[in-house]
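Novice: Listed in order, the protein sequences are those of chains A and B.
Quick note on my numbering: the first sequence kicks off at 3 and runs consecutively.
Quick note on my numbering: the second sequence kicks off at 3 and runs consecutively.
Quick caveat, the hints were computed from the structure, so don't treat them as lab data.
Remember, predicted model here, so these are calculated numbers, not experimental data.
Incorrect hints may have been included.
It does not matter which identical chain is used: a pair holds within one copy or between any two.
Result set (EDC-like, lysine to aspartate or glutamate): computed pairs, CA atoms no more than 20 Å apart in a straight line [claimed, not checked]: (1) K284 with D214; (2) K239 with D25; (3) K136 with E45; (4) K296 with D55; (5) K69 with E200; (6) K24 with D214; (7) K185 with D25; (8) K74 with E213; (9) K296 with E140; (10) K296 with E310; (11) K69 with E88; (12) K95 with D268; (13) K69 with E257; (14) K185 with E294; (15) K185 with E92; (16) K239 with E20.
Protein chains: 2
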Amino acid sequence: MRILIIGGAGMVGRKLAERLAKDGRLGTREISHLTLQDVVAAEKPAGAKVAVDIVTGDLSDPASAPKLVASKPDVIFHLAAIVSGEAELEFDKGYRINLDGTRYLLEAVRQAGNKPRVVFTSSIAVFGAPFPDKIGDEFFTTPLTSYGTQKAIGELLLADYTRKGFLDGVGIRLPTICVRPGKPNKAASGFFSNIMREPLAGLEANLPVSEDVRHWHASPRSAVGFLLHAATIEGDKIGLRRNLSMPGLSVTVGEQIAALRRVAGDKVAARITRIPDPAIVKIVDGWPRNFETKRAQALGFAAESSFEEIIKVHIDDELGGRIV
Amino acid sequence: MRILIIGGAGMVGRKLAERLAKDGRLGTREISHLTLQDVVAAEKPAGAKVAVDIVTGDLSDPASAPKLVASKPDVIFHLAAIVSGEAELEFDKGYRINLDGTRYLLEAVRQAGNKPRVVFTSSIAVFGAPFPDKIGDEFFTTPLTSYGTQKAIGELLLADYTRKGFLDGVGIRLPTICVRPGKPNKAASGFFSNIMREPLAGLEANLPVSEDVRHWHASPRSAVGFLLHAATIEGDKIGLRRNLSMPGLSVTVGEQIAALRRVAGDKVAARITRIPDPAIVKIVDGWPRNFETKRAQALGFAAESSFEEIIKVHIDDELGGRIV
Chain A
3 MRILIIGGAG MVGRKLAERL AKDGRLGTRE ISHLTLQDVV AAEKPAGAKV
53 AVDIVTGDLS DPASAPKLVA SKPDVIFHLA AIVSGEAELE FDKGYRINLD
103 GTRYLLEAVR QAGNKPRVVF TSSIAVFGAP FPDKIGDEFF TTPLTSYGTQ
153 KAIGELLLAD YTRKGFLDGV GIRLPTICVR PGKPNKAASG FFSNIMREPL
203 AGLEANLPVS EDVRHWHASP RSAVGFLLHA ATIEGDKIGL RRNLSMPGLS
253 VTVGEQIAAL RRVAGDKVAA RITRIPDPAI VKIVDGWPRN FETKRAQALG
303 FAAESSFEEI IKVHIDDELG GRIV
Chain B
3 MRILIIGGAG MVGRKLAERL AKDGRLGTRE ISHLTLQDVV AAEKPAGAKV
53 AVDIVTGDLS DPASAPKLVA SKPDVIFHLA AIVSGEAELE FDKGYRINLD
103 GTRYLLEAVR QAGNKPRVVF TSSIAVFGAP FPDKIGDEFF TTPLTSYGTQ
153 KAIGELLLAD YTRKGFLDGV GIRLPTICVR PGKPNKAASG FFSNIMREPL
203 AGLEANLPVS EDVRHWHASP RSAVGFLLHA ATIEGDKIGL RRNLSMPGLS
253 VTVGEQIAAL RRVAGDKVAA RITRIPDPAI VKIVDGWPRN FETKRAQALG
303 FAAESSFEEI IKVHIDDELG GRIV
């Protein structure tokens, strides 16, 4: 089978590509070709068992999507997006890539005619405060960012193209991915990962909010698991409501830190500084805190059940099992 | 103030234009200009107290919206749409007019820079079965038609453009408008009106479903009332959740007929024939039946509270008070 990953150079795309290249199969089917698309050249996974093509291009160019799907991939992972902060600052760019780009892709797939599974990564940003204690599967989408709006529109298009039989879409709303590997970045959500990753690597990291802030997390390994499951699940089991909030773990920052202390000790936890940042406090205040993801769980999607587990995934997958 | 009605030749657009032209004011403000746009020339309301311009054009032409808003109207009513059945048969045309056309309009308004109130008519078609007994204000939008998808996307765009301060939008989800004046048409929902309007005019009409079918109605007069209220309500009172299900009346077809009998007598009600149509039965089965519209009611939107009232509105407004 042929697999196309759009947004293959991003953190989740890279991990997904590594996993597929290593497994050489998706579900019961052998992979013949894996194409990794992004605006910058994705890295070819080391030791790939399958043919890997690296393609660079801009999905907001109407000529891009038809070329990408000309080989009629069996499964398409659409992970490409302008992230939340940038889409908020650059209104036109966000709509051009996150909305137009997605529409070009769906339309190109329709024209190609082979009805592939299309896995679309949506986001909990489709929801906007005020929320119930737990956001259920039938809660409405009233995003408070342009990014969330664009993702919610992508979900609607995916469902309609699926209903019309043009493709076989599954949209998954990812929790905040934690512990995110790499360097600290300026995303408002960055601290959730920073305060775990940096201390584990022997460095200081700042907590800009209070310890009672609650948020919704899953590990990068779970994110890849969601994508693989979304790619292989039977469409009939999902029905016409094609967009699903993924399972995750609802914890407070205080619970994150307590888990870090249990896993790595007081010395590591002491590397967290506490300088409040009112701007981040305000942004985080509008974010979802907890979900009830009955549908996704009934369909077999699963995430971590403790934050210790999330930390251990990071230590295993990123630090070779070793804490500084 | 200047008012622009996009879709001014349709049934609701015509009634709205007549009301505005007759009143000469909207809320506390005097109307100087009223522009009626549609793909066909709208009729100029008789005895208009205000200057009326008739403009023909196609909103799916990117050049159309910038011209329409060049005079910086203070209030824009966006009623134009390819209807449900046609959008389902003509996928590209539906998206071109209902999605692209709406986006061109919002973008042209943003570029004009005067931040007008934009009243967008959405539809209960944004909801898709299965439903709770009553669809509440926070129920999710999973449309089962392309039309419903396009309206749900329009709602999301309207809310985002409002949140960004580019315009001041209010989206209203209209119930099925009943009793719809004019000739019977092929819309699957047509019979709800046909079985009232035709017998009142001395003609037969067929009921293609069983009498226990329940549906959600408001009169054309209420629809105009919703639009006027949406045009004048304070935006701050609405907050950022800019799309509202309008109040209506949930009745069964049997209750409609009983009301007709009470208002117009057995002779009129006997003009209803009963030949089942399995295709219409199936379509209607997926439609919303009842709503709980707390938010809209708290904001002052109001509809009829009995079907007798809906029938009497028709007799007053369309039949000059006279039943055949």
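Novice: How would you classify K69 and E200 at a CA-CA limit of 20 Å: within, between, both, or neither?
Specialist: neither (41 Å within a copy, 55 Å between copies)
Novice: Are the CA atoms of K296 and D55 at most 20 Å apart within a copy, between copies, both, or neither?
Specialist: Intra 38 Å, inter 54 Å, cutoff 20 Å: neither.
Novice: Between the shortest in-copy and the shortest cross-copy C-alpha distance, which are at most 20 Å for K239 and D25: within, between, both, or neither?
Specialist: The answer is neither: 25 Å in one copy and 55 Å across copies each exceed 20 Å.
Novice: Cα distance capped at 20 Å. Does K185 pair with E92 within a copy, between copies, both, or neither?
Specialist: So K185 and E92 fail the 20 Å test inside a copy (24 Å) and across (49 Å) alike.
Novice: With 20 Å as the alpha-carbon cut-off, assign the pair K95 and D268 to within, between, both or neither.
Specialist: The answer is neither: 45 Å in one copy and 63 Å across copies each exceed 20 Å.
Novice: Tell me, please, which holds for K24 and D214 at an alpha-carbon limit of 20 Å: within, between, both or neither?
Specialist: neither (40 Å within a copy, 59 Å between copies)
Novice: Go through the copies and call it for K185 and D25: within, between, both or neither, with a Cα cutoff of 20 Å.
Specialist: neither (28 Å within a copy, 64 Å between copies)
Novice: Please sort K296 with E140 into within, between, both or neither, judging by C-alpha distance up to 20 Å.
Specialist: For K296 and E140, both the intra-copy (10 Å) and inter-copy (18 Å) Cα distances are at most 20 Å.
Novice: Taking 20 Å as the upper bound on the Cα-Cα distance, should K185 and E294 be classified as within, between, both, or neither?
Specialist: neither (31 Å within a copy, 49 Å between copies)
Novice: Within a copy, between copies, both or neither: where do K284 and D214 come within 20 Å Cα-Cα?
Specialist: within (14 Å within a copy, 51 Å between copies)
Novice: Give the relationship of K239 and E20 under a CA distance limit of 20 Å: within one copy only, between copies only, both, or neither.
Specialist: Classified as neither: same-chain Cα gap 28 Å, cross-chain 51 Å, threshold 20 Å.
Novice: When no copy is named, should K136 and E45 be tagged within, between, both, or neither for a Cα gap of at most 20 Å?
Specialist: So K136 and E45 fail the 20 Å test inside a copy (39 Å) and across (52 Å) alike.
Consistency with the previously given hints fails for numbers 2, 3, 4, 5, 6, 7, 8, 10, 11, 12, 13, 14, 15 and 16, ordered from lowest to highest.
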